[in-house]
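Residue numbers (UniProt numbering): 1 to 650.
To be clear, the hints were calculated from the coordinates, so they are not data collected in a lab. The beta carbon of each residue, even a glycine, is placed where N, CA and C say it ideally should be. Hints are all accurate, no fakes.
In the PhoX-like style, the derived pairs of lysine-lysine whose C-alpha atoms are separated by at most 20 Å in a straight line are:
#1 307 with 594
#2 529 with 565
#3 190 with 218
#4 201 with 175
Beta-carbon label-pair distances, calculated as ranges:
#5 588 with 101: 30 to 38 Å
#6 552 with 174: 36 to 44 Å
#7 506 with 483: 17 to 25 Å
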Amino acid sequence: METVEMNSLSLKRPHSEDDVANADEIKRQKISEKSRTGNDSGQSVETVIEQPDKSLLEDTKNEMITHEESEEQEDEELEDSDEDGDPESFADMMKHGLTESDVGITKFVSSHKGFSGILKERYSDFVVHEIGKDGRVSHLDDFSVPADDEDPSEETFTVLSDEDKQRLEELQLLKNKETSVAIEVIEDTKEKRTVIHQAVKSLFPGLETKTEDRDGKKYIIAYHAAGKKALANPRKHSWPKSRGSYCHFVLYKENKDTMDAINVLSKFLRVKPNIFSYMGTKDKRAITVQEIAVLRITAQRLAHLNKCLMNFKLGNFSYKNHPLKLGELQGNHFTVVLRNITGTDDQIEQAMHSLREIGFINYYGMQRFGTTAVPTYQIGRAILQNNWNEVIDLILKPRPGAEKGYLVKCREEWAKTKDPAAALKKLPVKRCVEGQLLRGLLKYGMKNIISAFGIIPRNNRLMYIHSYQSYVWNNMVSKRIEEYGLRAVPGDLTLKGATAVHIEEGDVDNYTIHDVVMPLPGFDVIYPKHKIGEAYKDMLVADNLDINNMRHKIRDYSLSGAYRKIIIRPQNVNWEVVAYDDPRIPLFTTDLDKLEGKPLPVLPTDGKFRALKMEFSLPPSTYATMAIREVLKMDTSIKNQTQLNTTWLR
1 METVEMNSLS
11 LKRPHSEDDV
21 ANADEIKRQK
31 ISEKSRTGND
41 SGQSVETVIE
51 QPDKSLLEDT
61 KNEMITHEES
71 EEQEDEELED
81 SDEDGDPESF
91 ADMMKHGLTE
101 SDVGITKFVS
111 SHKGFSGILK
121 ERYSDFVVHE
131 IGKDGRVSHL
141 DDFSVPADDE
151 DPSEETFTVL
161 SDEDKQRLEE
171 LQLLKNKETS
181 VAIEVIEDTK
191 EKRTVIHQAV
201 KSLFPGLETK
211 TEDRDGKKYI
221 IAYHAAGKKA
231 LANPRKHSWP
241 KSRGSYCHFV
251 LYKENKDTMD
261 AINVLSKFLR
271 VKPNIFSYMG
281 TKDKRAITVQ
291 EIAVLRITAQ
301 RLAHLNKCLM
311 NFKLGNFSYK
321 NHPLKLGELQ
331 GNHFTVVLRN
341 ITGTDDQIEQ
351 AMHSLREIGF
361 INYYGMQRFG
371 TTAVPTYQIG
381 RAILQNNWNE
391 VIDLILKPRP
401 GAEKGYLVKC
411 REEWAKTKDP
421 AAALKKLPVK
431 RCVEGQLLRG
441 LLKYGMKNII
451 SAFGIIPRNN
461 RLMYIHSYQS
471 YVWNNMVSKR
481 IEEYGLRAVP
491 GDLTLKGATA
501 VHIEEGDVDN
511 YTIHDVVMPL
521 PGFDVIYPKH
531 KIGEAYKDML
541 VADNLDINNM
551 RHKIRDYSLS
561 GAYRKIIIRP
571 QNVNWEVVAY
581 DDPRIPLFTT
591 DLDKLEGKPL
601 PVLPTDGKFR
611 ALKMEFSLPP
621 STYATMAIRE
631 VLKMDTSIKN
641 QTQLNTTWLR
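Could you build the full structure based on these sequences and the hints that come with them?
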């Protein structure tokens, strides 16, 4: 085995699919691209199925930001209206982005000659199925609802008018001064009143009902049972004791990230997002299938949403007594299509055999570091240095490259005035990181930057320092492979259970490169006993950090560290080369296709183009594009892709 330096390869891309005539295909293909920092998974080339390292899970609980609905809708409209910039402006923005070498990604492990191919020409070319902790792969293959005598009738969902629902929602969310809502019972019968009672209680958790006579007419009166607390805590007394408290279901989604999907479900169900739990977030620009659990929402209500949900479906319902926990999964199974490949059959065979037998370097992918001229790891480094003025400056200062107009104006205003109120006025989208930070500065002032920065949701703040850890790890692994190649050497680290130990001279023959781990810097890890251990120290010294003192005066930013395998060998690796003529047709069927009875695509035996269909399974915290990078031998950064071809495919 030998290491191979990364070389530059051109990437040919066909024309865009904007001319697709079929309306359903347009819905599935026409994807707008956003340029964001690393916490957005909507990039076209970089794809990550990222779970936190286990040692970080305690520090990174699933937190949700709740907003006033009107502000949230306004933000979404503004963001959506600015998404479809022309390809040239997107390419111009990416000229100032990162390449792989900027974040330490420089080595390959295989010796085959690279070739070009199109990654994610269509988001449906990238399918992810979650693998649960029991090893079961999640599939959407059943829309039926478990039989339950306690479920309300189907009429429950149609008996209320849209006007009634609007008034009840405003009452439920305490949006007006009304203390109750009266619903007249037309065609009064006891059965009709019962259905209305059930509808209000089922669709609007936290509201109670009673029947009143007014002027000879029957009215159902809805009112708050427990004030504001009712919205966060679904009524316990309405849930049968014999039924598990959590409804587990499979979420199938297309071109939508996990958090967006949960926020949409929350709005439809009129509940807070934090009653949902899951084992991991999944990529946006893909078709993904994963398990979700929700507290005291019936399968019937969830199944009813399938009639109105766009780009995602719910199914495989069951009731259980436990939620899901972040990180409690074995990994993810990927089905990937690389279109218009140029490699010979021999090249492809060599590449895929190497992936199956040797694997790939377990780099943190480009998604971890953001897409703009200010990488997230730089902000993380400033946090660890306790340099809060630098943190504020990096987030808010003007930066080269095209950005959304309102962000440019906001940054210019901040640079000119350092007035958070003035800068905030230029920013109609308030829930972005810049808006949250400016609101914090407005509330706490420039003399209390730490509290102002704390306004940003905890997961986002931790993302910056985790990005710095990843940056160090990538660079150190590249040095390790350059120095010692693909064999275990004395002084390397390996895991005995959860404990890292050094490989001694006399035991080195008992280990391979697949046993070797390297640390993310922190106060609770040890370092290799060879040159790379010193390289860690030198890198942190250059960044004005002390490797022996990774505790921060703010507990959230203290890094305990973690260990990560340097080479990952995918499981269940399979591949096939297929020919095709039309770049718009799918090359395999999805779970939803199978449920809807769509036939397998008919492919020519001798088409104009060739595609590589590949399947593999990866553990959590592993980037699928780093596996694909090893196959193609090309830079996966958006900057590289857009410079090779400024026609950005939607």
